[in-house]
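S.K.: Protein chains in written order, with the working numbering: chain A, 110 to 893; chain B, 117 to 273.
Since the hints were derived computationally from the structure, they do not count as laboratory data.
Check the hints yourself; a few may be wrong.
[Claimed, not checked] Reference excerpt, derived from the structure (chain A facing chain B, CB under 7 Å, subset only):
1. ALA122
2. ASP125
3. ARG127
4. GLY132
5. LEU306
6. GLU307
7. GLY789
8. ALA824
9. ALA825
10. MET827
11. ASP829
12. VAL831
[Unchecked claim] Residues from chain B that face chain A, not an exhaustive set, calculated with beta carbons under 8 Å:
13. CYS161
14. TRP208
15. MET223
16. ALA227
17. THR254
18. GLU257
Ideal placement from N, C-alpha and C gives every residue a C-beta, glycine not left out.
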Amino acid sequence: MNGADRPIGRAMARPDARRLTQGRGLFASDIALPRMVHAAFLRSPYAHAEIGAIDLAPAREMPGVVGVFDAAALEGRCAPWVGVLTHLKGLKSAPQYPLARGRVRFQGEPVAMVVAASRAEAEDAAERILVEYEPLAPVVDPLAALAPGAAAIHPELGDNLAFARTIEAGGGAAAVDAAAERVALEFDFARHTGVTLEPRALVADWNEGEQRLTVHLGTQVPHMFQTVLATLLGLAERQIRVIGPDVGGSFGIKIHVYPDEMAAVAASRILRRPVRFVADRLESFTGDIHARGHRVSARIGVAEDGRIEGFAVDDLTGVGPYSAYPRTSAVEANQVINLVGGPYDFAHYAARARVVFQTKAMMSQYRAVGHPIATAVTEALVDEAARRRGIDPVEMRRRNLIADDAYPCASPAGMKFEALSHHACLDELVRLMDYDALRAEQAGLRARGVWRGIGIASFIEITNPGAAFYGVGGARIAAQDGATARLDAAGDVVLHAGATEQGQGTTTILAQVTAAAMGVDPARVLVKLGDTDATPYGGGTWASRGAGVGGEAAFRAASALRENVLALAASILQAAPEALDIRDGVIVDAAGGAERMSLAELARIAHFRPDTLPQGVEPALVASRHYVPREYPFAFTNGVQAAVVEVDAETGFVRLLKHFVVEDCGTIINPLLVDEQIRGGVVQGLGAALFEECRYDSEGQMLNATMADYLVPMAAEMPDIVIGHVCTPTRESHIGAKGVGEAGTAAAAAAVLNAVNDALAPRGARITALPITPARVLEALGIG
Amino acid sequence: MTAISLIVNGERVEAEVPARLHLADFLRERLGLTGTHLGCEHGVCGACTVRLDGAIVRGCLVLAVQAEGCVVETIEGVSDSGELADLQEAFWRRNALQCGYCTPGMMLAAADFLAHAPDPTDRAAIRAHLSGNYCRCTGYEAIVDAVEATARARRAA
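My request is simple: use the sequences and hints to build the entire structure.
M.R.: In structure tokens:
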């Protein structure tokens with residue numbers, strides 16, 4: 110089944126991607142329906158204010174306007190939502206509405222909506238709406254938000270602490286601090302955001318005659334939105350169809366419920382016509398989910414021989430004024446303290462996470478949730494401890510990484526590992542990058558005043574989540590994925606699945622596993638995704654689950670279809686089903702491989718001449734299966750990254766020279782797609798390392814909400830990325846695939862941080878804040 | 117409203133447009149040429165790159181009225197003419213696109229580079245030229261590979 114000539118393991122290009130090279134995709138922002146109108150929003154200019162009188166009348170007089178709404182005008186049209194889950198014990202939040210009621214709590218919060226014949230006319234009219242604001246003191250700094258006497262952003266909640274959790278394992282902090290060598294560092298991680306190139310976009314189409322709502326939505330999770338819309342609009346799920354067309358980037362941004370989107374959907378129902386809303390770039394920067402934004406105090410204790418005794422970590426994060434719905438805003442901090450120290454064998458752990466309300470844009474899940482923070486903290490501590498003990502970073506990791514034969518095992522934080530390969534990955538990385546040669550080169554260059562740095566970062570990555578992530582907390586967010594495989598009238602296979610595509614290659618992966626299970630070439634498999642009217646219920650795309658969960662569901666559905674086909678063939682051929690096989694689309698004798706009948710011939714008989722079948726034979730040329738991992742809450746993957754950088758000690762600029770990744774995602778279904786997932790993920794992590802930051806002033810105003818001011822990685826600054834693999838399939842599924850979409854992002858920034866500090870160490874300088882801007886480098890060097 | 121007349125992908129187009137309508141919105145909303153994408157509408161991301169009288173421009177920074185009398189080529193036009201067939205094939209084979217939203221603009225910028233660069237196989241020069249086109253998915257390396265491969269194939273041909 111595996112290998113370059115078989116469907117699983119083949120580096121095939123994506124059949125569905127050719128149209129995208131011709132501009133022939135269909136994105137939500139492309140969709141135009143008859144009688145469609147456009148929504149634009151008036152947004153709060155204040156981070157925190159009481160709303161006084163709102164005068165909508167001037168907007169109603171403007172050309173092209175068909176509807177003007179504030180919170181009162183949407184009363185009863187969309188229920189408020191509260192982003193809490195029961196397994197995140199103590200998490201609290203307040204009801205959030207599509208349009209602000211009474212108070213605004215972040216700059217950019219939607220206050221009023223205009224629907225007009227064109228977007229330009231809707232914007233013209235929105236400017237005419239008059240809103241009286243009584244500014245309130247902004248609550249920007251998370252520590253200040255927790256101070257005794259700080260004003261509660263939601264007075265009914267009592268204070269601004271949304272969620273707190275502690276972990277204590279082994280001897281806890283006391284044991285960490287009793288170690289022979291103790292390193293304590295303070296970290297500051299900037300907020301950043303997804304910057305999907307296609308902004309959030311939808312066309313909502315309420316059909317009054319059908320009493321049905323169709324939403325074309327740029328989303329990762331069509332079924333989740335079907336359920337959310339049913340819940341908030343008071344409709345049955347069967348009254349709602351969510352179509353996920355091509356999606357111009359998602360990265361976790363497009364799994365959340367946004368107030369402006371809910372307002373546009375409500376408007377469609379009120380106006381009984383299609384409403385399009387496409388966020389502009391300013392709305393994206395201030396309205397999309399932000400992420401990261403952590404302050405972490407952390408310590409590591411190591412023995413004299415460099416053996417890690419334990420970690421202590423205290424994470425503080427501000428998440429905006431509401432916990433996001435329905436996945437909450439507590440997950441990232443929760444992940445940070447679950448994952449710190451993850452690759453290593455240690456006994457003692459103490460952790461605290463605090464999640465705080467503030468009057469800034471909302472924060473929630475974004476690619477590699479929590480991992481980049483946990484990895485940077487862990488790896489910086491490990492490197493600093495190694496430096497103090499005089500141990501090479503690679504040797505330090507060899508002494509401390511969990512042994513490759515130690516599995517299954519669990520971390521002090523309670524994470525369960527089925528089988529990881531830290532040492533094999535590290536060995537492969539050392540070989541791939543020629544570590545010793547790079548160190549020798551570094552030493553030679555340093556003598557000439559060139560400041561090269563080499564940084565290593567081991568990591569673990571949560572993939573293939575089961576219901577432990579959300580379902581156990583009461584969320585109607587499916588961890589399972591469904592797939593339906595069908596033999597068409599020509600003997601080809603059609604697969605419908607709950608997994609979704611945003612360019613990762615899910616469609617191709619599903620075709621490959623379906624082909625492998627059925628015994629046909631992937632070119633004979635048509636995959637259809639992203640339509641709740643047509644596809645089996647499934648979780649969609651998040652937490653690196655598409656291949657491992659969605660792929661396994663497809664494999665099982667296609668395997669079941671194969672059994673049905675062989676049973677039918679056996680009755681036609683008067684053979685035993687187990688004596689037959691399907692190879693290259695032909696039914697053959699399992700022993701010897703003699704051709705008996707093509708799938709096309711079987712399909713012809715079943716569809717058009719069932720009268721010729723023996724009495725009692727009922728062809729079942731369709732089969733469905735649902736899959737969710739149950740043995741482990743998550744299928745952890747692992748890997749190691751290395752960055753090679755050069756620091757200009759006069760300007761503070763950091764140049765990325767080369768980046769290396771060795772990763773273990775289990776079975777590799779398509780090497781081409783896996784490697785490009787890793788590269789794309791790495792570059793998002795490199796953006797966090799050097800560039801990305803949502804900058805706010807003390808009034809809670811975002812200062813750099815344009816693409817000219819918020820820096821993202823562009824082609825010229827990015828290095829080539831060398832990738833290697835170790836393969837440890839999960840035994841929980843037939844295909845053995847784990848996730849890979851977030852692995853690159855998990856450790857890229859940590860590797861760069863360690864590389865920069867490796868370059869600066871001889872100067873006695875150290876950086877523990879991301880992004881590593883030139884100003885921070887110069888400050889660390891005592892210049893400027 | 118202003119009357120304009122221009123050639124879009126080889127076809128004469130006559131239209132009445134408001135002065136503030138930018139070229140990308142005109143192409144997308146009036147002509148249904150949705151292969152030209154909008155990412156920032158302030159000239160930074162490159163998703164709306166089109167050709168105006170043979171030169172690549174940001175469709176969001178050119179007003180439709182400025183295209184009066186001009187020849188405009190979009191991704192749909194250069195796809196149908198076959199002009200970019202080798203580059204499109206190289207992008208596809210190398211998986212130099214994921215979501216595909218930046219791809220039309222990236223492709224037109226790369227085609228411009230291939231046509232004019234002194235050494236179109238120079239990876240640093242490819243990266244520099246494409247630095248006005250934002251891609252969040254790929255990390256750029258596959259795109260650089262595809263452009264370099266196309267340059268080498270054209271040179272060998």
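S.K.: Let me make sure I understand: some of the numbered hints might not hold for this structure. Which ones are they, in numerical order?
M.R.: Of the numbered hints given earlier, those the structure breaks are 2, 12 and 16, listed in rising order.
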